[in-house]
Each structure stands twice: as C-alpha cells, then as structure tokens.
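*Asks:* The listed protein sequences derive, respectively, from chains B and A.
Each residue of the first sequence is one higher than the last, beginning at 1362 in the working numbering.
Each residue of the second sequence is one higher than the last, beginning at 371 in the working numbering.
Calculated from the structure, these hints are not laboratory results.
Everything numeric in this text was worked out from a predicted model, so none of it was measured.
Among the hints, erroneous ones may be present.
[Claimed, not checked] Pairs of lysine-lysine residues, derived as DSBU-like cross-links and limited to a Cα-Cα distance of at most 35 angstroms, are as follows:
#1 B:K1540 x B:K1524
#2 A:K442 x B:K1506
#3 A:K631 x B:K1478
#4 B:K1480 x A:K592
#5 A:K442 x A:K592
#6 B:K1506 x A:K631
[To be verified] Which chain A residues stay away from chain B? Per the calculated CB distances, all over 10 angstroms, these:
#7 D438
#8 T453
#9 T485
#10 I504
#11 Y584
#12 D585
#13 T589
#14 R596
#15 I611
[Unchecked claim] Derived contacts from chain A toward chain B, CB cut-off under 7 angstroms, selection only:
#16 R394
#17 I506
#18 P507
#19 F508
#20 E581
#21 L586
#22 K592
#23 P600
#24 P604
Where a beta carbon is used, it is the ideal one built from N, C-alpha and C, also for glycine.
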Amino acid sequence: MGQSDGGTARGIDVRGVSKVFDVGPAAVRALDDVSVHIKENEFFTLLGPSGCGKTTLLRLIAGFESASDGEILLDGSPLTHLPPFRRPVNTVFQSYALFPHMSVAKNIAFGLEMLGKPKGEIEQTVNEMLQLVRMEALRDRATAKISGGQQQRVALARALAPKPKVLLLDEPLSALDLKLRKEMQIELKRLQKNTGITFVFVTHDQEEALTMSDRIAVMNQGKILQIGTPRDIYDRPSDRFVADFIGETNFLEAEVVSAEGGRAQVRLIAGAAIAAALPEGGARAGKVTIVVRPEHARLAEKGARGALPGQLENIVYFGTDTHYQVRLQGGALFTVRMQNTRGNAETFRTNSEVGILIAEDAAQVLRH
Amino acid sequence: MPPRSLDTDVTDRDSSLEQQAVRRSWFLSAPALIVLVFAASGPLLIVLIYSFLKAGPYGGVVWELSGDAWFKVFFQRDIFDETLSLADAHLSIVWRSIQLSFLTTVLALALGFPTAYFIATRPQRSRNLWMFLITIPFWTNLLIRTFAIMEVIRNEGIVNTLLMTLGIIDEPIQMMFTNFAILVGMVYVYLPLMVLPIYASLEKLDFRLVEAGYDLYATRFKVFTRVIIPLVKPGIVAGSILVFIPALGAYVTPRVLGGGKNMMLGNLIELQFGQGRNWPLGAALSMTLLAIVMIALIFYVRGAQREGAGHG
Chain B
1362 MGQSDGGTAR GIDVRGVSKV FDVGPAAVRA LDDVSVHIKE NEFFTLLGPS GCGKTTLLRL
1422 IAGFESASDG EILLDGSPLT HLPPFRRPVN TVFQSYALFP HMSVAKNIAF GLEMLGKPKG
1482 EIEQTVNEML QLVRMEALRD RATAKISGGQ QQRVALARAL APKPKVLLLD EPLSALDLKL
1542 RKEMQIELKR LQKNTGITFV FVTHDQEEAL TMSDRIAVMN QGKILQIGTP RDIYDRPSDR
1602 FVADFIGETN FLEAEVVSAE GGRAQVRLIA GAAIAAALPE GGARAGKVTI VVRPEHARLA
1662 EKGARGALPG QLENIVYFGT DTHYQVRLQG GALFTVRMQN TRGNAETFRT NSEVGILIAE
1722 DAAQVLRH
Chain A
371 MPPRSLDTDV TDRDSSLEQQ AVRRSWFLSA PALIVLVFAA SGPLLIVLIY SFLKAGPYGG
431 VVWELSGDAW FKVFFQRDIF DETLSLADAH LSIVWRSIQL SFLTTVLALA LGFPTAYFIA
491 TRPQRSRNLW MFLITIPFWT NLLIRTFAIM EVIRNEGIVN TLLMTLGIID EPIQMMFTNF
551 AILVGMVYVY LPLMVLPIYA SLEKLDFRLV EAGYDLYATR FKVFTRVIIP LVKPGIVAGS
611 ILVFIPALGA YVTPRVLGGG KNMMLGNLIE LQFGQGRNWP LGAALSMTLL AIVMIALIFY
671 VRGAQREGAG HG
C-alpha cells in the first residue's frame, strides 16, 4: 500500500497478516501479525505442530480464507480482493480432493478447461503432466480405483497443469507410508527444480522439512519463530521452541561472561566456561540458555582437558549410534550421541565418572 | 494332508459361510416380501384382472371377459351415430396429470435444492434443527394442510384480502379451482420429499472438492455445474422420482384445490369406482397410470445414466 520498495519484489510477500476465527463466543487467533517473504522459485516450508497456523497461512495465500488484518502480495500486487479462482496459485490438498466423478486425465485437465485453453493444448499439457508424474498408463482410470500414492501424483499433476506461479502443498505426504513418502520427497524436489515454480510446503514433520526445503519458517501459536535454511534452523536455533521441536537438544543454563560480535564466553551452571554463538538481537549479558545438539558432543575420560564432568547414568544402543545420558554437576541431564564406527573401541560403563567434550562452535545461545 | 487340499478346504468353508449369510439375509427380508406379495402384488393382479371384465350394473364386476374398459380408456363412441373418436375427456386428464406432475417436480427441485444446500452448509448442530423444521408438515394430515392452502388462496383468503386492502387489485384473483391452485398445493406437499434426498447427498459431499474447484479456476457457476451437480445427482434423481410418482397419482390436492373441473388421474379413477360405477374402467385407468410411471422412470433413469457417462 504505497510502498514502492516491496512493490517490485518477486515472490510472495506476507505483510503483518493476522487471522481471527470466531468460534462461538471465543475468538481464536490462528495467525498473529505474521510477516514473511517467500522468494520466487523457492522451496519454502512452513513447519510447526498442528494448530500452529501453518495451514491457515496456506489457505490465506490460496484465497479460501481472508485475512483479518494485513495483506498478501504476489509479485508486488495485492491478492486480497481476488477470489481463489483468479489467483495464479494452485493447491495440493492433504486429502488430495480429486474429483471422484472424473478420470485421472479429466482431473488433470480440469484447471486448463476452466481457464478456457484450446483443446489441443489441454491434451498436450495433460500428456506432459501424466508423463511428469509417471501415470500415463492410468490416464482413464477412475480416481477411486488407484492407490494413495497414485492419487497423490494425480493431485500434484492436476495442480501443476495450469502452470501456476505458486504451488501450495498442505501436508501432501502425510497419508503415505514411510517408503512411499521418502520416494515422493525426492520426486517433489525434482519437480520443483524442473518446473521452477515456487513451492510453499506445509508439514509437521521436521525431517521432511529439513531434507526438502530451501528455507524453513518454524511456526507456533500463530507466530513465525524463526526463518532460515535447514542448516540455520538445526544448528542455530534462536528459540527454545525451535530447538526443542526440531531434533533432540540439550538445554543448559549459563551466564554470559563476555560478549564480542556474534560470540560469547558463557559459564555453565555445571562449572566449565565455553564459547557459544549469540542470536541476532538476543540477550548479551546475564543468565541465558544455551543449546547443544547431542551429536555435537562426545564422551571422554574423566578429567580430560576442557571436559564437563558428570556421571554416566544410562547407555542406549540404537544400531547406527549410541546415546549416553550423563548427569552433570547441578543436576541437568546431558545426552551425547556417538556413532558406532568400527574401531570405536572406547567403552564406557554405567555409573562411571566421565567427561563431555563439546565441539567448538556447537553451542548456541537462545534468544529467550 | 498335503497343503494344497488344505487350501481348498478353507475356500470351501468360506464359500459355504457366504452361502449361509446369503440365506440368512433372505430370511430377514421374508416379512417384507410377504407384505409386498399380499398387499401390493396381489391387489395389483386383481386390478389387472378386473380391467378385463365387464362392469356390474350397480358397481362391482361381472365375470365375463371383455376389452371394453381398455377400449374406453382411449376411445369413445358417439351416442347418436356411433362414430369412433379419441376419448378427449380421459386423455386431457392424463395429459394434465403429466404436465402438472412434471411442473411440480421442476418447481420442487428449483425450491428444494437451494433449501437442501442451505441446510447442508450449516454447522452440524443447527442442521438437525433445520431438518426437524422440514419434517414438521408431515405431522399434520394432508387433507388439513390442503384446506389450509385453500384458506390462503381462495377469493376471500389471505392473499386476495391483503392485495385488496392494499389497493393493488379491485376484485379477487380467481386462484381456487385452477391448475395453478393444484400446482401450489402439490409443490407444497411434495417439497420435503425433494429436500430430504438432496440433503442426504449434499451432506455426504466433500466440500474440499468445492474448494479444489475454486482453486482450479472454476467460477461459482462452473463449480456448481461441474462439481456439485454431478456429485449430488443421485439425490436429485431420487428426489425427482419421489415427487413425480406420487404427484402423478395425486388425489386429495386436485380434489380440494382443483374442484370438479380440473381433475387429475387419481380423481378420474376414484370417479369410476364411485359414482361412475365402472370398476373395469377404473382398473384399466389405474393400469394406465402404472404404465405411465414406469415409462417415465425408464426414460429418466436412462437419461441420468447417459449424462453420468458423459461426465466420466
């Protein structure tokens, strides 16, 4: 609205969007002042637990709901007053929502027919799409008579056929079994690269988000907590919820001794002082919480140089790796994950005194 | 025992279990079958036989084989010169019955579909309330409801009084004893029979499919014609059949609202068994009504199937 800077930005611009649902007398704030820029041709994931507002944001972009506040722009022009059938945006629904009264090919052709494309072009595009999702053989099959994975592919082809600028995917893989899900993850990534369409992908599965996305926005309770590349999100969580939701994490209470640039020296309650990365705009002094991923630390002999002392309470064998749970001084439990490589002959016994060596650069201070 | 024969044993037992299940389900339907045979097929057979007998002088039948009744359904002989002509009186009543029933079905569909759609899109709790309201007319006797309509549309009725008080008309509009009155009455009476099956279909409709339609550039109209209508068609077909068939044989509504002039088939049949004292003719007319219903059904179902195939 009068902002010329954002007016030319390609991609999706979500600006201060809120969505309030009236549920009887109570109002539920599904989205709370959310702002995010999704770049053109990006594989962008909205990740969060159920009820965090990720699907609501997707539905706002699609046009099925309208925002209570704020606006959404596509390539610089506002979408606010466009009904869903005028938005160059297509959706792959969680339930697939294939038309049961049409064949596979008819489903894929639907969007093109509605756009009034000439018959020859529709025919050609449908064939291309069938090829793209490898469903040529089942083109005349009724959609009720194909498997879940095949329905998934048809839903994808149907949404891609009109060549939208943005493809919205609402937990499209959640109904598939593990093996098929892995296959489809690779398939989706391939399709996104080949078509160059912006993908906005909604999921609650952190592994799915990490393996597929260019960037991830982690959401909780209607807010975006952190936006970044999978590596950023995993290695440098800035928020307790983000650190906890994605992967396993050790939380340690500490106090900042000194801060310089993006790094600080912190003294742990457990005793030792270590280096840690500071979050942008976070606390630079006083009591803080730091996080360390279990695989970023390793066990050492008691009293090794720079090691946190503790007592080994539990050893859990996982095949590829082993989890060691160590009780630190001060009472916190710290999990160390070590790979079971060959020649890794070190053996630790339960209830023995051990040391924990935290890898340099592994500790991250949380914003709050 | 070799494993193969073990397999065969299992399938044998399965199939015999299945047969038992089939036998059991036949058992369950036996009471209904008995009622159907004695209360529907039996009397129907009697009506068919009566239509080929001679009329008794004071009603009833004379057990003599005759095609007179069937002849009279379609043709009449002039009382003076005995020339043969089509039975205008009968045929015009048949034609009026078909026309009015068809119009009733169309109007009930036009009014019933939006109603059913409205109810199906309400929250779950208020849906039950709405359905309850739809069924309220069934609590009252048909005759009383028909007289109530009469109270609304007769010359001194609510509509005419209101229009005259407002000065819109000077003298009452004659609505009673017209085809219009019959139509109003039949649409009112049969509307719930249209709403209920369409609602049942709409309630099963996955509204995410409607969203998918919008998402794929279909306008509201296109979503309606390409997604909603094809998916709700079973309900529309059922509703239309449920309205058309009883409308064709309607008796009370045309009798009360149509008067003596605007008869429908039901009234004509009653006349033959009553004042007309021509039971065979009444029976033949009844069988004609049955034939019309069956022909209409065959055409309707075929048409619906063909259209369905076109969409698939």
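*Asks:* It remains to establish, for every hint, whether it holds in the given structure.
*Replies:* Consistency of the hints with the structure:
1. Taking the CA atoms of B:K1540 and B:K1524, the gap is near 29 angstroms; set against the 35 angstroms cutoff, the hint holds.
2. As the CA atoms of A:K442 and B:K1506 are separated by approximately 55 angstroms, the hinted pair breaks the 35 angstroms bound.
3. This hinted pair does not check out: A:K631 and B:K1478 have alpha carbons roughly 57 angstroms apart, beyond 35 angstroms.
4. The straight-line distance between the Cα atoms of B:K1480 and A:K592 is roughly 18 angstroms, inside the 35 angstroms bound, and the hint therefore holds.
5. Of the pairs offered as hints, the one joining A:K442 and A:K592 is violated, with about 51 angstroms between alpha carbons and a cut-off of 35 angstroms exceeded.
6. Between the alpha carbons of B:K1506 and A:K631 the distance comes to roughly 57 angstroms, so the proposed pair goes past 35 angstroms and is violated.
7. Every CB of chain B is more than 10 angstroms from the CB of A:D438 (nearest about 52 angstroms), matching its label as outside the interface.
8. Annotated as non-interface, A:T453 keeps its C-beta farther than 10 angstroms from every C-beta of chain B; the closest such distance is 56 angstroms.
9. At the 10 angstroms boundary, the C-beta of A:T485 stays outside the reach of chain B, the nearest C-beta of that chain being 23 angstroms off.
10. No Cβ of chain B comes within 10 angstroms of the Cβ of A:I504; the nearest lies about 25 angstroms off, and the non-interface call holds.
11. Taking the minimum C-beta to C-beta distance to chain B, about 4 angstroms, the non-interface status of A:Y584 is violated against the 10 angstroms cut.
12. The claim that A:D585 is not at the interface with chain B is violated, since a C-beta of that chain comes within 10 angstroms of its own (minimum 5 angstroms).
13. A beta-carbon of chain B comes within 10 angstroms of the beta-carbon of A:T589; the shortest separation is about 6 angstroms.
14. With a least beta-carbon separation of about 8 angstroms from chain B, A:R596 fails to lie farther than 10 angstroms from that chain, contradicting its non-interface assignment.
15. No Cβ of chain B comes within 10 angstroms of the Cβ of A:I611; the nearest lies about 20 angstroms off, and the non-interface call holds.
16. Interface restraint check: A:R394 against chain B, minimum CB-CB distance 30 angstroms, threshold 7 angstroms, status violated.
17. A hinted interface residue such as A:I506 counts as satisfied when its beta carbon comes closer than 7 angstroms to some beta carbon of chain B; here the least separation is about 27 angstroms, so the hint is violated.
18. Using the Cβ-Cβ criterion of 7 angstroms, the hint placing A:P507 at the interface with chain B is not satisfied: the shortest such distance is roughly 31 angstroms.
19. About 32 angstroms separates the beta-carbon of A:F508 from the nearest beta-carbon of chain B, more than 7 angstroms, and the hint is not met.
20. Using the Cβ-Cβ criterion of 7 angstroms, the hint placing A:E581 at the interface with chain B is satisfied: the shortest such distance is roughly 6 angstroms.
21. Satisfaction of the interface hint for A:L586 is found here, the shortest Cβ-Cβ separation to chain B being roughly 4 angstroms, below the 7 angstroms cut-off.
22. Here the hint on A:K592 is kept, as its CB sits about 6 angstroms from the closest CB of chain B, short of 7 angstroms.
23. Proximity of A:P600 to chain B holds as hinted, the smallest CB-CB distance being about 5 angstroms (cut-off 7 angstroms).
24. Interface hint at A:P604: violated, since its Cβ lies 11 angstroms from the closest Cβ of chain B, which is beyond the 7 angstroms cut-off.
Comparing the model with each numbered hint stated earlier shows that hints 2, 3, 5, 6, 11, 12, 13, 14, 16, 17, 18, 19 and 24 do not hold.
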